Amino acid sequence: MTTNEVVASYKHYVKKIMDFNESIALAEWDLRTGAPKKGVKQRAEVIGTLSEEVFKRSTSDEMKGYIDALTDPTVQEQLSLITKKMIEKSQKEYDHNVSIPAEEYKAYVILQSEAQSVWQEAKAKSDFSMLQPYLEKIVDYKRHFIEYWGIRHNKYDALLDLYEPGLTVKTIDHIFESLRNGLVPLVEAVVASGNQPKKDFLAQPFPVDRQKELCHHLLREIGYDF
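Number 114 in our numbering belongs to position 114 of the sequence shown; there are no gaps in the numbering.
Hints in this document: simulated from the structure, not taken from any laboratory. On a predicted model such as this, the values are computed, not experimentally measured, just so you know. Fair warning: there could be bad hints in the mix.
To be verified - Derived DEER-like restraints, expressed as beta-carbon distance ranges: (1) Phe176 with Met1: 43 to 51 Å; (2) Glu213 with Thr71: 45 to 53 Å; (3) Trp29 with Met1: 32 to 40 Å; (4) Phe176 with Asp30: 31 to 39 Å; (5) His144 with Lys199: 41 to 49 Å; (6) Phe128 with Asp68: 40 to 48 Å; (7) Phe176 with Ser80: 16 to 24 Å; (8) Glu121 with Asp68: 41 to 49 Å; (9) Thr33 with Gln211: 17 to 25 Å; (10) His144 with Gln211: 41 to 49 Å; (11) Gln211 with Trp29: 19 to 27 Å.
As the list claims (entries may be wrong) - Restricting the straight-line Cα-Cα distance to at most 35 Å, the calculated cross-link-like pairs of lysine-lysine (DSBU-like) are: (12) Lys64 with Lys38; (13) Lys92 with Lys15; (14) Lys155 with Lys64; (15) Lys123 with Lys198; (16) Lys16 with Lys92; (17) Lys84 with Lys170; (18) Lys85 with Lys64; (19) Lys123 with Lys84.
Cβ coordinates follow ideal geometry from the N, Cα and C atoms, glycine included.
Could you build all of it, start to finish, from the sequences and the hints given here?
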């Protein structure tokens, strides 16, 4: 196949993964908003099954073939920036997940989904003990995954990189230190002043159309493409 044909085939393959991920997002939305309490476990298992399919496709021999073909230096020169970033993301996911047993990953996803429902109830009741056993298991899974990845340096850096590529504990420590140095004196000064901010507007009724107008304005400001 020509490079263009390989790219087209790769993007078609990735599109299938994206379709599964969108189905997962809908199931998660339903779990958090409309699913009855007794249906949480069943919905979590659905999410687990769909996630297992995504996992298998992202770590398959076929995906490895696409990655090998499209990361070749001579081929990279022919690719658009967007395609390069797609391949980079696919390779990162492949490298992370290929060492994790599929059944273990599925069990982790199901646990996460169940924990989300428990968290909502625990938050409403201000009862952390309800969530604690789930959270402990989630942390244990993450530790196991890091071991599968073979990471020996700062383990939290590996987890941060999943959500904010390149971000490290050292960077976050610097950010938090700067915030603390500026915010702590500010909060102390505000509290000491005795002045209370007006909050009555938070409970006032506002026309729905004006609220939508404000939301659309904010979305445009952050560059959302309608």
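Going through the hints against the structure:
Restraint check, Phe176 to Met1: a C-beta distance of roughly 50 Å satisfies the suggested window 43 to 51 Å. Taking 45 to 53 Å as the suggested C-beta distance range, the pair Glu213 and Thr71 conforms, at roughly 47 Å. Checked against the hint of 32 to 40 Å, the pair Trp29 and Met1 passes, with Cβ atoms roughly 38 Å apart. One distance hint, 31 to 39 Å for the beta-carbon pair Phe176 and Asp30, holds here, with the actual separation near 36 Å.
Checked against the hint of 41 to 49 Å, the C-beta distance between His144 and Lys199 comes to roughly 46 Å, which is consistent with it. Checking the proposed 40 to 48 Å range against Phe128 and Asp68 shows it holds: the Cβ atoms sit about 47 Å from each other. Look at Phe176 against Ser80: about 38 Å separates their beta carbons, and that is not inside 16 to 24 Å. Glu121 and Asp68 have their C-beta atoms about 47 Å apart, which keeps the hinted 41 to 49 Å range intact.
Hint check: Thr33 to Gln211, Cβ distance near 19 Å, so the stated range 17 to 25 Å holds. Separated by about 45 Å at the C-beta atoms, His144 and Gln211 satisfy the suggested range of 41 to 49 Å. Between Gln211 and Trp29 the Cβ separation comes to about 21 Å, which falls inside the hinted range of 19 to 27 Å. Taken as a hint, the Lys64 and Lys38 pair is broken in the structure, with Cα atoms around 40 Å apart against an allowance of 35 Å.
Using a Cα cut-off of 35 Å, the hinted pair Lys92 and Lys15 holds, with the two alpha carbons roughly 17 Å apart. With a C-alpha separation of about 26 Å, the suggested pair Lys155 and Lys64 falls inside the 35 Å cut-off, and the hint holds. For the hint linking Lys123 to Lys198, the alpha-carbon distance of about 27 Å falls within 35 Å, and the restraint holds. Note on Lys16 and Lys92: the hinted pairing holds, with a Cα-Cα distance of about 18 Å set against a maximum of 35 Å.
The straight-line distance between the Cα atoms of Lys84 and Lys170 is roughly 28 Å, inside the 35 Å bound, and the hint therefore holds. Proposed proximity of Lys85 and Lys64 is supported: the alpha carbons are some 16 Å apart, at most 35 Å. With a C-alpha separation of about 42 Å, the suggested pair Lys123 and Lys84 falls outside the 35 Å cut-off, and the hint is violated.
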